[in-house]
Amino acid sequence: MPQYALVIDLNTCVGCHACATNCKEWNTQAAFGPLSDYDPYGREASGVWYNRIFTYETGEFPETQVFHLPKSCLHCQDAPCVPVCPTGASYKREQDGIVLVNYDDCIGCKLCSWACPYGCREFDEADKVMKKCTLCIDRIYDETLPPEHRQPACVLTCPARARFFGDIEDPNSEVYKLIKERNGFVLFPDMGTNPANHYLPRQETRINLEEFEKHILKPDNPLFLEVMRRHHTSSKAQAQETPQEEVTHSEELP
Amino acid sequence: MHPPISLIFFFLTAGTSIGLFIFTYFIEFLTLFGKGQGLPKEVVLVSGVISLILIGAGAIGASFHLGHKLRAWKAIKRFNTSWLSREAVFSGAYGFTLLIYLVLKYFEVSPFLEHTFGIITWILGILSGFSTAMIYASNKFVLEWNTGITVIYYLLMYLMLGSSAFTIISYFYNLPYTGTFLFLTFLFVLLGLGFRIAFNVRQFYIKRPTLNEALNLPHNRSIRVIDKSSTTDNYCTTEFYYAKGKQMLPTFIPLAYLFTFVIPLFLLIYIYVTDVVNLPLLVLIYLSILAGSAIERWCFFVEGNHVQNLFYGLYPEEGYKLRKGYMERKETRISIY
Ligand code: SF4
Ligand code: SF4
Ligand code: SF4
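Chains as they are written, first to last, in the working numbering: chain A, 1 to 254; chain B, 1 to 337.
All the pointers check out, no bait thrown in.
Part of the chain A face toward chain B, derived, beta carbon under 10 Å:
| id | residue |
| --- | --- |
| 1 | A20 |
| 2 | G88 |
| 3 | D105 |
| 4 | P189 |
Cross-link-like lysine to aspartate or glutamate pairs, in silico, DMTMM-like; alpha carbons within 25 Å at most:
| id | chain 1 | residue 1 | chain 2 | residue 2 |
| --- | --- | --- | --- | --- |
| 5 | B | K74 | A | D78 |
| 6 | B | K140 | B | E317 |
| 7 | A | K128 | A | E44 |
| 8 | B | K69 | A | D127 |
| 9 | B | K228 | A | D190 |
| 10 | A | K128 | A | D105 |
| 11 | B | K77 | A | E125 |
| 12 | B | K244 | B | E317 |
A short list of chain B residues far from chain A (calculated; beta carbon distances all over 12 Å):
| id | residue |
| --- | --- |
| 13 | F33 |
| 14 | V46 |
| 15 | A93 |
| 16 | H115 |
| 17 | N174 |
| 18 | V262 |
| 19 | L265 |
| 20 | L279 |
Hint data in this document are derived by calculation from the structure and do not stem from the laboratory.
Glycine included, C-beta positions come from ideal geometry on N, C-alpha and C.
Based on the sequences and whatever the hints tell you, model everything.
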């Protein structure tokens, strides 16, 4: 059974909120909109968003890292939000695994949002129904769009190209390969929801700075003089502390 | 969790309604086996009509919780998967069969039909209470609620409300059941107290998930929330984390205990010791349980912590601190680094 999903690369996501903004933009005008705003020009502006970006810092100083986590509905394969819905308004599509809400049936009881461990559903106070990411179902099947545009709005807009869309059950798909090759993981694996959206973990990159220095110290580097001057002063200071060391580094420079 | 006032109202009205009917019909039921003399017709009708009005008011009140009240009937569609759907079906059916039972009783059509509908109503009432409790107890993501204690305590509260209300009726009509129901009220309040304490104590021992688990990070990696994606509150923060309520909780939990258990128990013991029973005293007991239950339900919601709060850094850590070593023992599946 196909299962469409998003795969998000945490290495490249820069937390620019472009996906969230474009999601809001697209879905406010499209079939599943509008996404209401409350008090939009006031001090406490808030509203419905399908996609929110969280930023976390891990580790202890100075070994810290910051990463951004875009979170929209994960289209869980065992979505707990579906069976609790008393009206059947929340449902998971057989043909592509997308979880949707039928606004005409939703009575706004909010139970589905209680049943989602990820906080991915939001109640629209203006329309009085529950709303959530639709995986841009109105784009991906829209045959009036050029094929390369039949993708979720957030994927198309991501300037860092951190987002991928496809069928994670299809071994030939890009997303399937990415998950396999780069150890794609899911949020809250212990909750038994089996989310479809995956995240690609951060990978450590080590840069050999000595190698690097050779390049930056080329005479045509605009910073050459500056580097030379600093190097010179520090070597001099060092030489004064340890007079027996005669050779100064500046003389060795190319 | 944010406490919805309409649901607290439903709890009080449905609780009194179903509790009252459980005892009213139970006395009638015993006559089938030749035990007791049953209740005077007038008492059954008065008690039944009160129950009917209350469940009706409760249903209307609860609909205020819904975004689309006129679509409420659609809630019956997913009976086989949704506890909310079951609650809607059972409480609706309870009200309906209760009405038929009262009509049958009023016209004295046939004792057989009367008892048939009495028994059906009785069962539907209990199923309705059970389903409501299961909406909370079956939620795996609010760990405070996700326990059998929630269900048992919920039903006990229905019995507390019902028996204390029935004591008033019994005394008012000078029935021979006042003593029995004073004892039953005492018993249910005492059991309720036990289960409420268990509910509160359990919260300290829950194995709570951590943000590391939510983000699938190694368990020994410290992590801080830096940006919650929006500068103001949003649906996720207001619905699942009621900041003002959390501050008031230390005041409201003792109040809930005081009104639900301490005052009623004190008054009941006073009645035993002095042998003085009068209407104001019985009404006071019922009202105290009623007010206490309202506060208790409010606390119940505010005490509930939804795991989605982890992403916002709004999840309690007490549980984690109490179980040192738990995180280290857990296996890490995928490392981000
Ligand atoms: S992320 Fe939440 S809303 Fe989306 S399918 Fe899973 S449980 Fe349902
Ligand atoms: S809020 Fe709407 S979609 Fe969610 S459970 Fe209630 S009826 Fe279903
Ligand atoms: S898939 Fe579409 S609806 Fe979902 S987060 Fe992306 S833009 Fe929004």
